[in-house]
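Chemist: As given, the protein sequences belong to chains S and H, one line each in that order. The opening residue of the first sequence carries number 1 in our numbering; numbering runs sequentially from there. The opening residue of the second sequence carries number 1 in our numbering; numbering runs sequentially from there.
Mixed in with the good hints, there may be bad ones.
Claimed, not checked - Chain S stretches covered by chain H per the calculated footprint, using a threshold of three residues with CB under 8 angstroms from any CB of chain H: (1) 14-21; (2) 274-286; (3) 504-515; (4) 698-707.
Derived by calculation from the structure, the hints in this document are not laboratory data. Computed from a predicted model, the values in this text were never measured in an experiment. For each residue, glycine too, the CB sits at the ideal point set by N, CA and C.
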Amino acid sequence: MIKTNSHDGRGSYGPRRRKEDARFIRGRGQFVDDIQLPGMLHGAVLRSPLAHARIVSIDTAAAQAHPRVRAVLTGQTLEGFKLAWMPTLARDVQAVLATDKVRFQGQEVAFVVAEDRYSARDALELIAVEYEPLPVVIDATKALDAGAPVIRDDLAGKEDNHIFDWEAGDRAATDALFAAADVVVTQDMLYPRSHPAPLETCGAVADMDPLSGKLTVWCTSQAPHAHRTLYALVAGLPEHKIRIISPDIGGGFGNKVPIYPGYLCAIVGSIVTGKPVKWVEDRSENLMSTTFARDYHMHGEIAATSDGRILGLRARVLADHGAFNGSAQPTKFPAGFFHIFTGSYDLRAAHCAVTGVYTNKAPGGVAYACSFRITEAVYLVERMVDLLARELNMDPAELRMKNLLRPEQFPYTCPTGWEYDSGDYPRALQVAMDIAGYPELRREQAEKRQRGEYMGIGLSFFTEGVGAGPRKHMDILGLGMADGAELRVFPTGKAVLGISCQTQGQGHETTFAQIVAHELGISPDDVEVVHGDTDRTPFGLGTYGSRSTPVSGAAAVVVARKVRERARIVAAAMLEASPDDLEWADGRWQVRGDPEQGHTIAEIAMAARSALELPDGVEGHLDAETVYNPPNLTYPFGAYICVTDVDPGTGQVQIRRFIAVDDCGVQINPMIVEGQVHGGLADGVGMALMQVVAFDEQGNCLGGSFMDYLLPTSLECPSWELGATVTPSPHHPVGAKGIGEAATVGSPPAVVNSVIDALRPFGVRHADMPLTPANVWRAIQGRPLRSDLAIR
Amino acid sequence: MLQITVNVNGTDFAREVEPRLLLIHFLRDHLGLTGSHWGCDTSNCGACVVWLDDLPVKSCTVLAAMADGRRVLTVEGLERDGVLDPIQQGFAECHGLQCGFCTPGMMLTARWLLDHNPDPSPEQIREALSGQVCRCTGYENIVRSVLWAAKHAEDHDQNQ
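Construct all of the structure, not just a fragment, from the sequences and the given hints.
Modeler: The structure is reproduced here in structure tokens:
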């Protein structure tokens with residue numbers, strides 16, 4: 001049962017019911033679409049039905065004449081505001097409303113503002129757009145072919161669909177290692193396009209006050225402060241006159257990091273009408289136009305000795321970024337953190353090369369709990385290790401155990417330069433194998449194979465680097481990836497913590513209160529956490545990439561310790577002692593050697609605001625602020641085992657068991673940690689077995705609704721079996737690491753490895769996700785599918 | 001326009017509506033009951049589940065006009081006289097929600113299940129909720145929440 005009592009701050013960590021639940025279980029959350037303002041108008045976006053076409057004309061006259069329509073915006077209107085194009089987070093540009101061409105199906109073409117939701121939609125039907133269709137580029141592997149249609153002819157001198165080439169590691173050393181290796185295994189694999197699909201779609205309510213010139217935007221944003229600065233830079237609005245409020249957010253998963261054209265249209269709509277304008281996209285708009293995830297065509301190579309010592313890894317990747325390069329990652333890293341693809345193993349050398357291309361698909365790429373592309377990296381290495389085990393006829397658990405980094409190797413610098421902070425990998429794998437009963441599972445599998453039943457056992461071991469970033473290495477559009485915290489302590493000892501990150505379900509209002517309570521010796525109930533409102537919180541880069549606890553959480557610790565040090569000086573004045581003679585013990589400052597003489601934070605806070613004479617230079621309050629710039633990423637890790645049963649007649653995969661052992665360092669609220677892992681495991685099952693955004697030859701999106709883009713329900717998910725080890729981060733102030741994305745990163749390869757293991761008697765060596773019944777069945781027939789294209 | 005009267009959470013609401021108005025928009029935009037959410041368009045996600053008379057329905061696929069003269073129960077009606085329904089308590093006790101967007105629909109379906117099967121197995125709970133999507137919890141804690149509510153139903157009845 002969950003404890004809620006707490007007195008001196010000790011015991012603040014631990015499972016604890018969430019503060020935020022009181023409103024959600026009563027239906028009193030406030031999501032963007034719940035906001036109603038006086039005189040509010042409603043916006044709707046007209047989207048392109050074609051994937052690639054020149055716009056010949058747009059006629060809005062009939063829509064303008066609709067009695068309930070207040071404004072119709074086109075790219076031409078936005079040009080008047082210099083907003084027809086906007087910069088993306090990857091320093092490309094993206095059309096807000098198309099002026100010259102449409103470049104993917106679902107692209108924004110016009111925006112209607114009307115008096116109600118339904119009329120806005122009606123008016124979209126009255127806009128006549130004449131298109132001249134153009135040939136499309138849908139298959140990324142053909143994007144660089146000579147003669148391929150040039151998608152981005154808006155970019156001066158652009159004559160192909162190439163975006164970038166990027167590499168990491170030591171090519172020469174890796175090539176030499178491969179040339180001399182006993183065994184080399186290679187495999188092509190696709191991590192297909194997926195979509196985060198939070199249950200709440202994206203939306204905004206923009207309210208420009210014509211008198212004060214203040215713009216307030218309620219928005220589904222995972223990064224409200226970064227959005228404010230970007231609006232200021234893009235729209236030329238004074239930053240102090242912009243207030244971004246992320247109210248309750250119905251799931252993010254990276255989908256709500258970028259700025260979308262609809263947000264800007266709502267803002268312009270409010271400017272031109274002088275009224276608040278709400279825009280909330282529908283599900284198809286969300287799936288077809290907002291940031292997707294993955295779409296990495298990967299070629300992997302692994303080199304080893306004949307007795308199973310892994311020597312090196314090579315990867316070549318073709319990255320499909322869609323029509324605009326809108327992927328969101330630290331500026332230096334166009335392929336995100338993919339180059340952590342050496343995973344959890346002790347390798348001598350590695351090299352990866354990534355080429356990014358444009359296609360006629362929606363823009364995006366870094367999203368869906370991917371830890372900046374570590375999903376793709378972990379999938380590659382964990383598939384390659386399984387293929388190597390098969391080649392060597394070794395048990396995949398034994399091969400992993402033999403090659404995992406050993407605890408004494410930490411801190412460890414991997415061949416591509418990442419500095420892993422701490423880990424005990426063999427222990428985590430052993431714990432997972434113990435929970436699973438691994439030898440018994442293998443015996444059962446052997447017996448079932450005798451009977452013609454197809455059971456699979458799949459493993460994955462992953463290492464993530466999360467908590468971007470050290471500011472000197474990591475920025476987004478020039479904004480260093482640090483986070484702020486402000487802590488105010490009122491005279492009665494109650495506290496308000498302002499943080500720069502933002503919750504989309506992670507429970508920050510609870511966890512961050514626990515952090516502060518632990519440091520100040522007060523109850524978490526006495527700490528109010530404010531987030532998501534740029535007028536009420538300090539600047540910082542927001543919540544994504546599992547960075548809240550590693551960065552903002554650290555900021556909360558640091559700011560609480562600053563408050564505690566201020567309190568020490570005031571306590572010394574109260575006790576007529578030297579600050580040096582005080583020690584922090586049992587949740588209060590007390591005289592060393594005389595614990596009777598001491599004061600709690602509440603007593604000190606009251607005294608600080610009282611008539612007590614304070615030493616020169618000491619201000620009469622305990623409040624503090626900080627900006628935390630992490631010295632390194634934190635490196636959570638885990639060992640996963642998935643047991644499946646496959647019906648070869650139908651290709652149906654049933655997940656029977658899923659064992660997940662995670663190590664995210666010190667856990668502040670293990671109940672919330674467990675919930676984060678559960679959710680990520682369901683994501684992994686979805687990606688491995690069900691979810692894909694495919695396209696047909698004309699560029700029609702085949703995953704544009706929940707009828708086609710299949711999400712796991714309670715029936716596809718097993719009852720998760722969790723375990724944990726705790727290896728503290730040496731550089732985080734309380735030893736915590738991020739956990740939000742660990743399971744999403746780690747679980748897909750365990751599922752795929754399990755299914756491929758089940759299909760081993762058929763000689764199946766690999767099949768691409770999602771392993772739908774059709775795909776599994778085709779793999780058994782020896783005709784695996786290209787899962788990102790229409791089935792032929 | 002149509003004149004309709006719908007009893008929502010025990011109160012009659014008479015409104016003039018367009019024939020095409022969806023029940024979810026009637027509840028949210030016309031009555032200001034924003035606890036029920038809209039999540040897809042295709043009856044797949046269940047964020048909009050409410051009761052129509054005695055059955056859970058996906059209110060994105062029901063016209064407001066179809067609710068004329070009938071009773072609707074939404075999440076706002078689960079709490080009675082300041083006492084939470086055990087299903088609401090169960091979700092808070094067992095961390096059955098994260099972002100909270102699917103939660104109202106999940107609770108209303110679970111309430112219906114418990115009314116018809118007071119002691120469901122985990123498998124029966126999964127079956128009952130399989131028409132609804134949660135993107136955060138991986139369902140495990142939702143199942144635990146419903147089990148908690150089943151186990152504590154008697155305490156609740158005594159407190160009433």
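Chemist: Would you mind marking each hint as holding or not holding in the structure?
Modeler: Now for the hints, and whether the structure bears them out:
Check result for the segment 14-21 of chain S against chain H: holds, 4 residues qualifying (beta carbon to beta carbon below 8 angstroms, three or more required). Counting residues of the segment 274-286 of chain S whose CB lies closer than 8 angstroms to any CB of chain H gives 3, so the stated coverage by that chain holds, three being the minimum. Under the rule that three or more residues need a Cβ within less than 8 angstroms of chain H, the assignment of the segment 504-515 of chain S holds, with 4 such residues. Counting residues of the segment 698-707 of chain S whose CB lies closer than 8 angstroms to any CB of chain H gives 3, so the stated coverage by that chain holds, three being the minimum.
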